[in-house]
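Protein sequence lines, in the order shown, are assigned to chains R and V.
Numbering-wise (this note's numbering), the first sequence opens with residue 1 and increments by one.
Numbering-wise (this note's numbering), the second sequence opens with residue 1001 and increments by one.
I should point out that these hints are in silico values taken from the structure, not numbers from a laboratory.
Every residue, glycine too, gets a C-beta built ideally from N, C-alpha and C.
Among the hints, erroneous ones may be present.
Said to hold, decoys possible - Derived Cβ-Cβ restraints for the label pairs, each shown as a range:
1) S1237(V) with A130(R): 35 to 41 angstroms
2) A110(R) with T1441(V): 21 to 27 angstroms
3) E75(R) with A1134(V): 52 to 58 angstroms
4) S169(R) with R1233(V): 33 to 39 angstroms
5) T208(R) with R1233(V): 41 to 47 angstroms
6) A110(R) with A1477(V): 30 to 36 angstroms
7) A1361(V) with A110(R): 28 to 34 angstroms
Stated by the list, open to error - As a list, the in silico DSBU-like pairs of lysine-lysine whose alpha-carbon atoms are at most 35 angstroms apart:
8) K199(R) with K1454(V)
9) K74(R) with K1305(V)
10) K1002(V) with K58(R)
11) K135(R) with K58(R)
12) K1002(V) with K199(R)
What the hints assert, rightly or not - Partial pick of chain R residues on the chain V-facing surface, computed with a CB cut under 8 angstroms:
13) I47
14) E75
15) G81
16) I82
17) Q83
18) S87
19) G89
20) F210
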Amino acid sequence: MAAALALMACSGQQPSIDAARVLRDGAAAMAQLKTVSATLKLTKGTISLQGFALVSAKTSVRLPSDSDTVYTVKEQDVTIGIQVVISAGHVYLHVPFSTFQELTATQAAAFPDMAKLFDSTTGLPAIIPAGSNQKYVSTDQLEGTSTYQVSTTYTPDQIHSLLAELNSSGPVAAKVWVGVSDHLIRKAVLDGAFGDGGKQAVVEVSITGFNAAVNITSPTP
Amino acid sequence: MKRPLLLGLAGAGLFVAALDAYVVVTLLPAMLGDVGLTIERFEQATPIITGFLAGYVVAMPLLGAYSDVRGRIPVYGACLVAFAAGSAMTATFGVWSFAGLPWLVAGRFIQGLGGGGLVPLSLALAADLYVGRARTVALGSVAALQEAGSVFGPLYGATLAAAAATAGGWRFVFWLNLPLTAICGAGLVLASRRVALPDRDATSSIDWLSALALGLGLGLLVLALYPDDPEHRAANSLLLPAGVAALVVLVAYGWRQVHRLEPLIPRDLLRSRAFIGATAANLLVGGALIVALVDVPLLARLVFKLNQLDSGLLLTQFLIGVPVGAAVGGLLAGRIGNRLTGALGIALSAAAFVQMSGWPADELSLHTGPLRQADVALAVCGLGFGLVIAPLTAAVLALTRGQVHGLSTSLVVLARTMGMLVGLSVLTAFGLHRFHQILGTPVLTDPDLRARVKHLEQLVAAAFLQEYREIFVIAAALCVAAAVVIAFALPPARKSGGI
């Protein structure tokens, strides 16, 4: 496909890329992952995490269920890093300067489970190809990697399935960047009414470290 | 009218640059938050202030001589361009992925280089334009603008950022420097065409080796004092090698300066007890002054929970005290002498710091009659600093003849800025380590995240309060040491002669 794309580019023709196939290939490639890292940034709107305004989240995931996530939140204009480690079915919380504390099941439910974002049945691999209005947009370079940019639209239920904390009051427009050669999803931008109070919000997710070594902190309560 | 306009424009540029020395103090939490630096990595903010001061100190002793060769106005313009470029770098902190903390520190250093260069240039311009008593008044006015700019910086930053909240907030403060410097620069070029300035001195040259040595020495010093792991140790892991290297390089720089500067600064002056005493006192005063300028707004944010604007406003009484003290100090020094005025002034600041070292968490609710106790302490503290600044400068000027007044005033500012740089570096390292010692590792078992964070905030505020109390005690000790130095080194009233 890459060779065909190069040939088209040389001849000045617009390449005809099957957006649905790009997303299907992306989902299939993501379903094979054992480890992955992701950074989520809120670029528009407000999403609260237990009353704190979420700025970003950086996670390292070892599938099927372990994750180490640092949520950066704001209290007035002071920025605080809150770390949540999910390991072997236990959930630990670390707030700055203190020790890790294991959370009860009820307490743990208040935090997103980032491993589920990459779950093959409910996460990105399952949801990514299921969008409507799929369109190829362009071929872009993302940090030295050639990617197809595809636009699509997801329903509120599909978005909620990705992350339970994202409750949209309407369809969510998405742009997805999928690697040309390895089909791995490098980046996704979600734009919809899933902010606090059903307001517009934009979330940018950058995905890296595919099957690379990840560091899941060993909590020492 | 042409000369005052030219000097006024040069002074305006200097004032804008001096404002930026501590403008970041009240803006730091917002700036760090914008790039995701969290509160537990607060020590990373130190180079944002020390970077500016280091640039300031490097440029100050060098650019006066350079402007002798290249001309005052072109070099002044180059400094304004450097200051504006550094401001633009600071304003774009975090905008691109490569514009992280090193970008910000580099921007602040370049700002400092440009701003620091304006000090000797403005002083040299004042010396070029005026003679006799008018020259002393002009030099005093330029020095006062520099002092006023640096002490008003935190309040200026907080007020401007609040007023421009929808226009970029803290970034606006730095973007504004671009039109301000452009106006000053353009005005200066136009005004200089109507004023005859002395010919360039082709025999003078800039001492690049000294510039390199001073920059390297200060860089090593800042590195040695940077608290890289305040949770486990007060000093940097490279304290010993970097500290020794800094000492060697700075001593070599000093030795070279003593010999190179001999034609400019008479040997007798360098050996004068009064000059050495005034320089030492300025170093100590700088170390104490930085505590008020930096730690009071931070205390207001972290302990008293004031917002950005109110934390800057808390310094208002201090900022009023400084110029009032300077005016009173000028009058008093004429009657009772520089020694007594300076020693009494800095002793007053010491007393205020002692009172501040006992501040409780609810200090801002405590009143004496209609006055808030904290405001009284800060006003007295500022008054003391104002009282000591003028006599120390006057004592050095009294030792020198008119033609080296500019250089002498520049050395006074340099000594105080060095005191601020070292004082801030040392006290930040000490303070952060003490903070971690006092806080320990709390075990938080509150039922939800919000309750845990609230609980943590209380513990953190208590630890910060104790840390700042101890820093105020150190500041008081620095003031007492300065008072002793002044009392022993400066000559009594009516006993000074020009060298």
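Outcome of the hint check:
no.: 1; hint: S1237(V) with A130(R): 35 to 41 angstroms; result: violated, 53 angstroms
no.: 2; hint: A110(R) with T1441(V): 21 to 27 angstroms; result: holds, 24 angstroms
no.: 3; hint: E75(R) with A1134(V): 52 to 58 angstroms; result: holds, 55 angstroms
no.: 4; hint: S169(R) with R1233(V): 33 to 39 angstroms; result: violated, 52 angstroms
no.: 5; hint: T208(R) with R1233(V): 41 to 47 angstroms; result: violated, 33 angstroms
no.: 6; hint: A110(R) with A1477(V): 30 to 36 angstroms; result: violated, 49 angstroms
no.: 7; hint: A1361(V) with A110(R): 28 to 34 angstroms; result: holds, 30 angstroms
no.: 8; hint: K199(R) with K1454(V); result: holds, 27 angstroms
no.: 9; hint: K74(R) with K1305(V); result: holds, 15 angstroms
no.: 10; hint: K1002(V) with K58(R); result: violated, 60 angstroms
no.: 11; hint: K135(R) with K58(R); result: holds, 29 angstroms
no.: 12; hint: K1002(V) with K199(R); result: violated, 59 angstroms
no.: 13; hint: I47; result: violated, 15 angstroms
no.: 14; hint: E75; result: holds, 7 angstroms
no.: 15; hint: G81; result: holds, 4 angstroms
no.: 16; hint: I82; result: holds, 7 angstroms
no.: 17; hint: Q83; result: violated, 10 angstroms
no.: 18; hint: S87; result: violated, 19 angstroms
no.: 19; hint: G89; result: violated, 20 angstroms
no.: 20; hint: F210; result: violated, 20 angstroms
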